[in-house]
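Note that the protein sequences, when read in sequence, are chains A and B.
Just so we're aligned, residue -12 is where the first sequence starts under our numbering, counting upward by one.
Just so we're aligned, residue 806 is where the second sequence starts under our numbering, counting upward by one.
Mixed in with the good hints there might be a few duds.
What the hints assert, rightly or not - Distance windows between CB atoms, simulated:
1) A:101 <-> B:883: 26 to 36 Å
2) B:827 <-> A:44: 43 to 53 Å
3) B:883 <-> A:-8: 29 to 39 Å
4) B:897 <-> A:114: 29 to 39 Å
5) B:885 <-> A:114: 49 to 59 Å
6) B:883 <-> A:0: 17 to 27 Å
To be verified - Computed cross-link-like contacts, DSBU-like style, restricted to lysine-lysine with a CA-CA straight-line distance of at most 35 Å:
7) B:814 <-> A:122
8) A:155 <-> B:814
9) B:963 <-> B:1046
10) A:122 <-> B:1047
11) A:169 <-> B:814
12) B:1047 <-> A:155
13) A:257 <-> B:814
14) B:963 <-> A:155
15) B:1047 <-> B:963
Think of the hints as simulated: they come from the structure by calculation, not from any bench.
Heads up, the beta-carbon is just placed ideally off N, CA and C, and yes, glycines get one too.
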Amino acid sequence: MVEIEGLTKRFRAVTAVDDVSFAVERGEVLGFLGPNGAGKSTTMKMITGFLAPDAGTVRIAGRDIGEEPVAVKSGIGYLPEGAPLYSDMTPGTFLAFVAEVRGLAPARRRARIEEVIDMVHIGSVLNQPIETLSKGFKRRVGLAQAVLHDPQVLILDEPTDGLDPNQKHEVRNLIRGMASEKVIVLSTHILEEVEAVCTRAIIVSRGRVVSDSTPQALMERSRHHNALSLVVDQALSAVDLEALEALPPAAAVEVSVRSESRTELRIFAKAGCSLVEEVGALARERGWLLTEMHGERGRLDEVFREITSGQLS
Amino acid sequence: MRAIRAIFKRELGGYFATPIAYVFLTIFVLLCGVFTFYLGRFIELGQADLQSFFLFHPWLYLFLIPALAMRLWAEERRGGTIELLLTLPVTMTQAVLGKFFAAWAVAVVALALTAPIWLTVNYLGDPDNGVILAAYIGSALMAGAFLAIGTCFSALCKNQVIAFVLSAAACLAFVLSGYPLVLEFFGAWAPAVVVEAVSSLSFLTHFNAIARGVIDLRDVVYFVSMIAFWLYATALVIDLKKGR
Chain A
-12 MVEIEGLTKR
-2 FRAVTAVDDV
8 SFAVERGEVL
18 GFLGPNGAGK
28 STTMKMITGF
38 LAPDAGTVRI
48 AGRDIGEEPV
58 AVKSGIGYLP
68 EGAPLYSDMT
78 PGTFLAFVAE
88 VRGLAPARRR
98 ARIEEVIDMV
108 HIGSVLNQPI
118 ETLSKGFKRR
128 VGLAQAVLHD
138 PQVLILDEPT
148 DGLDPNQKHE
158 VRNLIRGMAS
168 EKVIVLSTHI
178 LEEVEAVCTR
188 AIIVSRGRVV
198 SDSTPQALME
208 RSRHHNALSL
218 VVDQALSAVD
228 LEALEALPPA
238 AAVEVSVRSE
248 SRTELRIFAK
258 AGCSLVEEVG
268 ALARERGWLL
278 TEMHGERGRL
288 DEVFREITSG
298 QLS
Chain B
806 MRAIRAIFKR
816 ELGGYFATPI
826 AYVFLTIFVL
836 LCGVFTFYLG
846 RFIELGQADL
856 QSFFLFHPWL
866 YLFLIPALAM
876 RLWAEERRGG
886 TIELLLTLPV
896 TMTQAVLGKF
906 FAAWAVAVVA
916 LALTAPIWLT
926 VNYLGDPDNG
936 VILAAYIGSA
946 LMAGAFLAIG
956 TCFSALCKNQ
966 VIAFVLSAAA
976 CLAFVLSGYP
986 LVLEFFGAWA
996 PAVVVEAVSS
1006 LSFLTHFNAI
1016 ARGVIDLRDV
1026 VYFVSMIAFW
1036 LYATALVIDL
1046 KKGR
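Work the whole structure out from these sequences, hints included.
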């Protein structure tokens, strides 16, 4: 559906996007991750035809955006970074404007506008000037604008930036709801979001793609993947700890609290191994006063940091 | 066409959603009256024409039109909405034209609101309405040229005040180049061709020609190509600057 090849953009001496290539198919929600200034937004601006690349091509449904900009743009919905809107308009007139520019048939226009208004819940502020709206409402108006024409491809630049937790949840549900029939590319630096909505994650750093996999695979690279945290209401002896460390699937043991009546520790698993059974058996065997035990799926932020600071891959 | 119309409507709505259009219209009509009756001595001259009315239009446009044009692109860039606009399925030409026509429409409405002066002169005397109509058309064309310059500077500057000052200065240059004082200055040392060239670039020369009642194709072509040139420059500037 969306094929990006060798995309490159330079601003004076700085290469903001450097030979980025990937393809996204319908049904995929691609998370575009990277530190600030990694080239996420610039890439999205090129995919949506706002900026012309210095090299490379963007093809959507087989059509090159450089060759048929208007046709390609009509199949894209785009939420630019910061959700810019015409502040002197109301959400109602703004959506009507977008519908008209996008050439929605007048008969369909009103029904479709009402649909998206319901979808993002902006019915209550429809006739208020956009400049008076809260950040959450503005973001939702921006989303409404992006999905108004029911595009095949949805490009969202930080769709949940600045929203409160409830609003974030809502926006993510919205994205998940549309995911199966569209190509969705969203940029974010909120890693939990990647876990929550993305089926695939591309990490960019200094303009280059440094990782392209699933959120699950990324988490498996984390040291914390399958790690177990234990709280024991007694002091564990050095022998106990050595026994833990000696378990075949254990990679390391880290003790964070150790007092007469309480020990808190974390056991890291070797790649591809699960600790639960063997640790549980050991605890039973030794009669530990185990009060808490929970497993971790892995920490994306850790992997993210490692990848983008160049320690991994 | 659909895209131009939608952008035109939005932009025009923008002028009337904020006080800009009302302030512009009021001040324009007010100043037209003041200039015509006091400076132009419309009554004292006792002539059944609107020469003293149209005489001041270039000077009014000089500072009013840049004010009308300054927001067109500067605001889009400042607010980031330019990204929204240019990722809609519209061409650059459509976006530039839609916005330009909206501003032009405000200027034409302002001109239309001066109709009472025309009614007055018809009430007081028996003017040549053909000449007056020609002058109105000339004035509208000149407003368009001023606007096109303002549009270009609006695209160039993120800051509206700077856009205003620069476009007013550029407009002044185009007005003055037809002023006798300037032409005499050039005439003193430059060959006639140069004087001719400078004078032919002037808004004043072409506007005065039309205002005399003769809509010469050359004058119309001058204004239209002036508009086309500056709008083309606008599109180039937007393209060049949108990455920043």
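- [ ] Quickly compare the C-alpha distance for residue 963 of chain B and residue 155 of chain A to 35 Å and report which way the hint goes.
- [x] holds, 32 Å
Task: C-beta pair residue 883 of chain B, residue -8 of chain A: status relative to the range 29 to 39 Å that was hinted - done: For residue -8 of chain A against residue 883 of chain B, whose Cβ atoms are near 34 Å apart, the range 29 to 39 Å holds.
Task: Verdict for residue 883 of chain B, residue 0 of chain A (Cβ pair) under range 17 to 27 Å - done: holds, 26 Å
- [ ] Using the Cβ atoms, figure out if residue 897 of chain B sits within 29 to 39 Å of residue 114 of chain A.
- [x] Since the Cβ atoms of residue 897 of chain B and residue 114 of chain A sit about 32 Å apart, the hinted range of 29 to 39 Å holds.
- [ ] Sort out whether residue 1047 of chain B lies within 35 Å of residue 122 of chain A, counting only the CA atoms.
- [x] OK: residue 122 of chain A and residue 1047 of chain B at ~25 Å, within 35 Å.
Task: Hinted pair residue 1047 of chain B and residue 963 of chain B, Cα distance within 35 Å - done: holds, 11 Å
Open item on the list: Is 26 to 36 Å respected by the C-beta to C-beta distance linking residue 101 of chain A and residue 883 of chain B?
Closed with: holds, 32 Å
Open item on the list: Tell me if the straight-line CA distance from residue 257 of chain A to residue 814 of chain B falls inside 35 Å.
Closed with: It is violated: about 64 Å lies between the C-alpha atoms, which goes past 35 Å.
- [ ] Given the range 49 to 59 Å, decide if the beta-carbon distance of residue 885 of chain B to residue 114 of chain A lies inside it.
- [x] violated, 24 Å
- [ ] Assess, step by step, whether the Cα of residue 963 of chain B is no farther than 35 Å from the Cα of residue 1046 of chain B, and give holds or violated.
- [x] holds, 10 Å
Task: Given pair status - residue 122 of chain A, residue 814 of chain B, alpha carbons within 35 Å - done: holds, 26 Å
- [ ] Take the C-alpha atoms of residue 169 of chain A and residue 814 of chain B, compute the straight-line distance between them, and say whether it is at most 35 Å.
- [x] Holds - the C-alpha atoms of residue 814 of chain B and residue 169 of chain A are around 31 Å apart, at most 35 Å.
Of the hints listed earlier, those the structure fails to meet are numbers 5, 13, in rising order.
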